[in-house]
Structure formats: C-alpha cells, structure tokens
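Asker: Each residue of the sequence shown is one higher than the last, beginning at 1 in the working numbering.
You may find that some hints are simply not true.
Here are the in silico distance ranges between beta carbons for each label pair [unchecked claim]:
id, residue 1, residue 2, range
1, A331, M431, 29 to 35 Å
2, L675, V342, 55 to 61 Å
3, D176, D386, 23 to 29 Å
4, L432, A148, 44 to 50 Å
5, R581, D386, 52 to 58 Å
Just so you know, these hints were derived from the structure itself, not from any lab. Quick reminder that beta carbons are idealized off the backbone N, C-alpha and C, glycines included.
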Amino acid sequence: MATLQEALHLAFEHHRNGRAGEAGILCDRILRAAPRNAAALRLRGALLAGSGQPGEALVHFAKALRIEPTDAAGRCGHAAALDGLGRTGEAERGYRRAAALDPAHAPAWVGLGGALRRNGDPDRALTAFARAFAADPASTAARAAHDALRADMRLIDARLAEAHGRLGSGGMDAADAFRAIVRDAPGHAKARFSLGFALAGAGRFGEADRAYRVAIALAPQTPLPYLLLADQLQQRAQLFSPAATLFARAAVLAPDDATAQAGLGDALFNAGRLTDALPAMRRAVALAPGDAEAHDTLLFSMLASPATSNASLAAEVERFRQRHGGALPVAPHANDRDPERVLRVGYVSGAIREDHNILYFLEPLLTGHDPRRVEVHVYADTDYADPAQARMGRLTEHRHSLLGLDDAEAARRVRDDGIDILVSLLGRGSMLPRTGVFRHRPAPVQVAFHHVMTSADEAMDYWLTDPVAHPRDSTEPFVERLVRLPRYCQYRPPADAPEITAPPVRRNGAPTFGCFTSRWKISDPTIDGWGRVLNAVPGSRLLLKGQGLAEPPIQAFYRRRLAEVGVAPERLLFRPFTPGRDSHLAVYNEVDVALDTHPYAYGNTAFEALWMGVPVVTLAGDRFASRMAASILAAAGLENWITGTPDAFVARTVALARDGAALDAWRRTARSHLLASRICQAPAYARHVERAYRWMWRRWCRGPSVKRDGAGGAALMRFQPAAERTPP
C-alpha cells in the first residue's frame with residue numbers, strides 16, 4: 001500500500017497532467033487520514049478554485065495558512081481565492097505578502113499584477129508582471145498578461161487623447177467620451193480625473209468633485225487630481241481651508257512643482273493664514289522664476305502682511321522689475337504730437353463690465369469726461385455684444401472686447417486704434433488685470449490708476465494718486481512717476497441700496513461693530529485692535545461678513561483668536577457671503593461702526609459702509625494700500641475718522657461707539673453729506689483727471705524726458721521720495 005507521501009506525490013502528478021478528478025479523490029483520502037496536511041489542503045484549494053468554487057477554495061487555503069503561515073504558495077493561493085470572490089483589495093494585499101515571502105514566486109507577481117490592474121493601477125501592474133517573468137522567464141502567463149495590459153493601455157491612451165481633443169468644444173461632448181472610458185476601465189485614475197475636468201468645464205461641479213475624489217482614491221500618489229479638486233474648491237466653492245489641505249498634499253507628492261506651491265500659497269492666503277502663505281509663494285517663485293503671475297501674487301500678498309516694510313517691499317519690487325518689468329522693443333509711435341487736440345484715452349481691465357463693482361468709481365469718471373477734450377475707449381475681457389452688457393453703452397460708444405486675444409494681440413488692437421493715453425485700472429491683485437498689455441507699450445503715454453501698489457514695470461509712466469494716499473514724505477517704492485490728483489477716488493452711489501434703518505444699538509442695547517472684508521485682510525494687529533475696542537465697550541459685538549466665513553473651521557479660528565484677546569465667543573457674529581448687492585448692503589443695517597483692517601485697508605467697502613450710514617474708522621499706514629480708506633474719508637470731509645496710531649484707532653472707535661447721538665445723526669445725514677462732498681462730484685473730478693492727462697500728453701509731445709519712449713531713452717528714477725517725483 002502507498003505511503004501518504006507517495007499518495008500526495010501522485011495527486012500532484014494527476015493535477016499537473018490535467019486529471020483534476022483523480023487528483024481530488026486522492027486529496028480527499030489524504031485529508032481524511034491527515035486533516036492537517038498543509039500540502040494536501042493547498043492542492044485541494046487549488047483544485048476547488050480551478051473548478052469555479054473560490055469560496056470552498058478559500059476555506060482550504062485558510063486552513064493551510066494556519067498550519068504553515070509563511071508558505072508563499074499557500075499565501076498566493078489564498079489571495080487568488082479572494083480575487084475569485086471579487087475581494088480585490090484583500091487579494092492585492094495577499095499577493096504582496098506572498099511576493100514578500102518569496103520574491104522568486106512568479107505566480108504571486110502575476111496575481112499582484114492582475115489585482116493592481118483591476119484596482120486601477122496599470123503602471124504598477126506592468127511592474128508586477130515584469131517582476132514575474134524576471135523570476136520565471138518561462139512564465140507564459142506573465143508575458144501574456146504584460147502584453148495584454150500594454151495593448152489595453154495603448155488603446156485607453158488613444159481614447160483619452162481623442163477625448164482630450166474634445167475639451168475645447170464645450171458642452172458635454174468631452175465628458176461623455178471620458179465617461180465611456182471610465183465604464184470600460186473603472187479603475188483608470190487618469191480617465192477619472194479627466195472626466196472631472198470635463199464635467200467642471202461643463203459646469204457640473206458636483207459630479208466633477210466626485211470624479212476627482214474617486215481618482216484620488218485610485219491613485220493616492222498622483223498629484224494632479226489633488227490639484228484639480230483643490231482648485232475647484234477654492235475658485236468655485238470658496239472653501240479655502242480644505243483646498244489648502246489638498247494643495248499641501250500635492251506639494252508633498254511633487255515638492256518641485258511650482259503649481260502646487262503657488263496653489264498652496266494662494267489657498268492659505270485666502271484662508272487668512274498669511275504667515276504660512278508667503279513662504280509657499282516664495283517657493284513657487286523660486287521654482288519658476290520666469291512665472292510673472294506667481295511673482296505678482298507674492299508682491300500683492302506682501303501688502304497684507306504686517307511683517308512687510310517698505311524696504312522689504314522695495315527689494316521684492318526690484319527683483320520683479322529685473323525679471324519681468326523690462327522694456328520690450330517696440331516701434332516708435334506715430335500719434336499726432338499736437339499738444340492741445342482731443343485725446344484718445346483707453347481704459348484697460350479685464351473687469352469693465354456691468355456686474356463688477358469697478359463701475360462704482362469708473363462710471364462717474366467716464367460719464368463725466370468732456371468729449372471736447374477726451375475720446376473714451378474701454379478694453380476688457382467682456383463680450384459687449386451680450387445683451388447683459390447693453391447698458392455699458394451709456395459709458396462710451398467705443399467698447400472693445402479682448403476675449404480670445406493674448407497680451408501682444410491686445411496691444412496691437414490698442415495701437416491700431418491710435419490710443420494716446422492708455423490707463424491700467426485695478427492692476428495687481430485684481431482678476432484679469434491685463435497689465436501684460438502695457439509691456440508692449442501700445443500707447444505713447446501709459447498710466448496706472450486705482451492700482452494698490454507699483455506696477456514694477458518700466459513701461460508704466462505714471463501712477464495717479466492723491467496727497468492722502470501718497471503724502472510728500474511717503475517711502476513707498478514705485479517705478480512710475482506719481483501724479484497727485486486732489487483725490488484719487490470718485491463714487492457713484494449704488495442705485496439699489498436699501499433704506500438706512502435706525503442704529504442697531506437702539507434695539508440691542510450695546511453697539512455692534514462690523515467688518516465686511518476678505519479673510520486675508522484680517523491680520524493679527526487688526527484682531528488685537530478689535531479686541532481692545534470690544535473690551536472697552538461692554539456688551540458690544542463684532543459682526544464679520546465675507547467670502548469663506550461660512551466654513552465652521554474658519555469661524556472656530558476667529559472665535560478662538562478673539563478669545564485670546566479677551567472677547568467671548570458669543571460676542572462674535574458671522575454673516576455669509578451674499579452675491580446680490582442689495583442683500584449685501586442690507587447687512588450694514590446690523591452694524592453701528594465699521595472697523596477697518598490694517599495694513600491692507602478698505603477701498604470700495606469704505607464708501608459702501610458710509611453710504612449705508614455706518615461710520616468707518618481707519619488706521620492709516622505708510623503706503624497706498626493702507627491709506628485707501630483714509631483717502632476716501634478725506635474726500636468725503638470725514639477726516640476725524642482717520643487715525644495714525646493703534647492707540648488713536650482704539651480711542652476714536654470707542655468714543656464713536658459710545659456717542660449714540662453722533663451715530664443717529666450720521667445715519668440721518670450720511671447720504672446728503674456724501675452727495676455734497678467732493679467724493680460725489682463727478683464733473684469736477686473728471687476735469688482734474690483730464691488736466692493730469694493733458695499735462696502728461698504735453699510732456700510726451702515735447703519729446704523724451706525721464707521716461708523713455710518705447711525701448712530707448714534715459715534710465716528710470718526708482719524708489720525716490722515722493723516729493724522728488726511729483727509734477728508741479
């Protein structure tokens with residue numbers, strides 16, 4: 001009679017020669033005699049798996065592993081049974097353990113490759129198949145699996161390329177193509193995040209979000225889906241903190257990727273975390289020194305940091321000028337040098353459109369221009385043929401869309417129109433500033449207006465400002481020549497503003513302070529000052545309104561931060577961002593006194609608050625961005641609300657909050673006072689601006705002076721005291 005070992009050897013012979021029935025009968029006899037024989041259990045498991053019974057096979061492999069847990073073949077068979085049951089995640093882990101136990105066990109690598117392929121990781125699957133035929137060059141299974149996957153990947157890549165080609169067509173065409181690929185290859189991470197990108201382009205942001213998250217789960221080591229999801233959360237949902245977390249993960253995965261660092265810096269900045277944001281922005285600039293947009297963002301963000309001195313700002317401005325602000329070679333201008341003729345003045349910004357608050361200050365200027373002196377043109381990334389922009393015709397008949405034009409093409413358009421003076425509106429920090437057009441010098445005279453800092457561009461000749469925004473002793477750096485108007489700002493009151501109600505202190509019993517702003521403006525010194533104000537006025541509250549303030553983590557941060565300066569959490573109120581202007585302005589009726597931010601001060605927000613009967617107290621700093629509210633208050637004849645030190649800011653604010661009669665009086669008279677003040681006198685303001693333009697034009701007509709014309713001419717005066725740079 002055969003021994004147990006001989007019987008087992010015969011069973012394996014039957015199995016190798018395809019006689020599964022005979023092998024199974026022998027295995028059952030062996031296991032009745034020796035139920036703990038691991039080799040027989042493994043063979044029986046393999047036979048059961050081969051006959052389509054993965055559940056029974058799993059039981060036998062599990063028994064074998066309890067007896068011999070370090071056997072690679074048993075571990076591989078157990079993983080294969082899991083695979084057969086559709087438990088691919090567990091199967092992948094099992095194959096990995098088998099390969100770790102015996103790296104020369106080719107079936108473990110073949111199984112792992114198959115599991116990785118099904119789990120959506122074709123690149124690592126290819127590596128596993130390669131390891132399999134390296135372990136066993138005769139393995140036809142490994143070679144066949146490798147070659148089949150290669151062919152499928154080439155087919156998927158071709159389909160992906162074809163789908164990517166449809167992205168520019170709009171609609172759901174590209175999304176449908178990517179969705180078809182995902183149906184055929186559900187574990188393909190690139191197809192998933194490409195689908196998300198196409199869905200986002202079609203405005204299907206919820207579906208795009210889900211596609212990105214699946215892609216991240218499929219390929220957690222791939223940076224791109226993190227970047228795409230983070231960008232969507234930041235740009236579309238204003239969820240800056242979650243976006244920062246995703247950008248940070250992408251930056252860890254791709255530490256040399258400037259896009260990841262720039263996105264991280266931007267998200268941290270918008271989340272109000274300036275201390276963390278600036279280092280990330282600096283890394284982005286270091287990684288991509290030729291990226292002017294990244295350097296632009298760093299310069300603008302420095303304005304909001306209390307740690308930024310004018311000296312450190314000057315150093316960064318000079319670095320930007322050397323890298324990106326040099327003059328480009330251009331042909332001489334053929335404009336008629338008649339110093340007294342009607343001037344063609346072009347205003348440039350991506351945002352000159354009906355639904356943008358740029359019209360607060362631009363409309364009174366454009367409608368106030370004298371056509372006997374100035375022919376007005378506007379250039380913007382706006383479709384002026386759109387019926388929604390029909391009312392823009394009241395500003396000028398010369399409206400030019402820059403949609404689809406790059407900076408060089410836009411500059412050619414401006415030059416062809418014969419513009420004499422080209423004016424850049426908003427500039428750094430705004431959406432689509434279009435300052436790149438000016439580097440091509442399409443006009444003989446180029447002017448920065450309503451910029452919050454220097455352009456740092458040698459092609460910009462002048463910066464329109466005023467004596468409050470830039471006092472004579474200003475140390476702020478700039479490359480332009482300052483031209484001081486009597487006031488740099490002019491406002492058109494919003495026609496849809498709601499009525500002003502009684503001061504809320506009358507119904508609440510204690511004043512409510514308010515700040516309507518972006519989180520990045522709320523610096524530590526700002527919070528410290530607010531804390532001193534609220535602690536000096538018992539029972540007072542602080543209302544914060546702005547983008548992103550609906551995020552619970554952000555609200556928790558401000559409650560915690562204000563608690564550190566002695567303000568109880570229940571004294572802090574939050575209002576979410578409201579897209580409609582009337583509903584936005586109505587929230588001012590909940591506020592008694594508006595608290596400005598520092599070192600980046602209110603701009604349009606100051607006028608909004610004043611128009612709604614809410615006093616604004618500001619702390620004027622040492623550069624334009626920290627003196628905008630001061631300039632507006634001075635133009636409105638409200639100099640008493642301008643302060644120069646933190647102590648004065650606190651004292652003035654507390655005194656105003658305690659003066660109920662003054663709050664009542666301002667709410668009753670605010671609008672009539674503003675309408676009678678210099679800040680709402682459009683014709684006079686337009687004359688001041690036109691005189692400044694005429695002065696600039698006459699200088700150009702006389703020939704080259706301090707600023708070069710085109711690519712030639714004398715050197716620039718840089719970073720001089722303002723008193724030395726202003727025309728008489």
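Asker: Could you run down the list of hints and mark each one as holding or not?
Answerer: Going through the hints against the structure:
no., hint, result
1, A331 to M431: 29 to 35 Å, "31 Å, holds"
2, L675 to V342: 55 to 61 Å, "31 Å, violated"
3, D176 to D386: 23 to 29 Å, "28 Å, holds"
4, L432 to A148: 44 to 50 Å, "49 Å, holds"
5, R581 to D386: 52 to 58 Å, "19 Å, violated"
Checked against the numbered hints given earlier, the structure breaks hints 2, 5 and satisfies all the rest.
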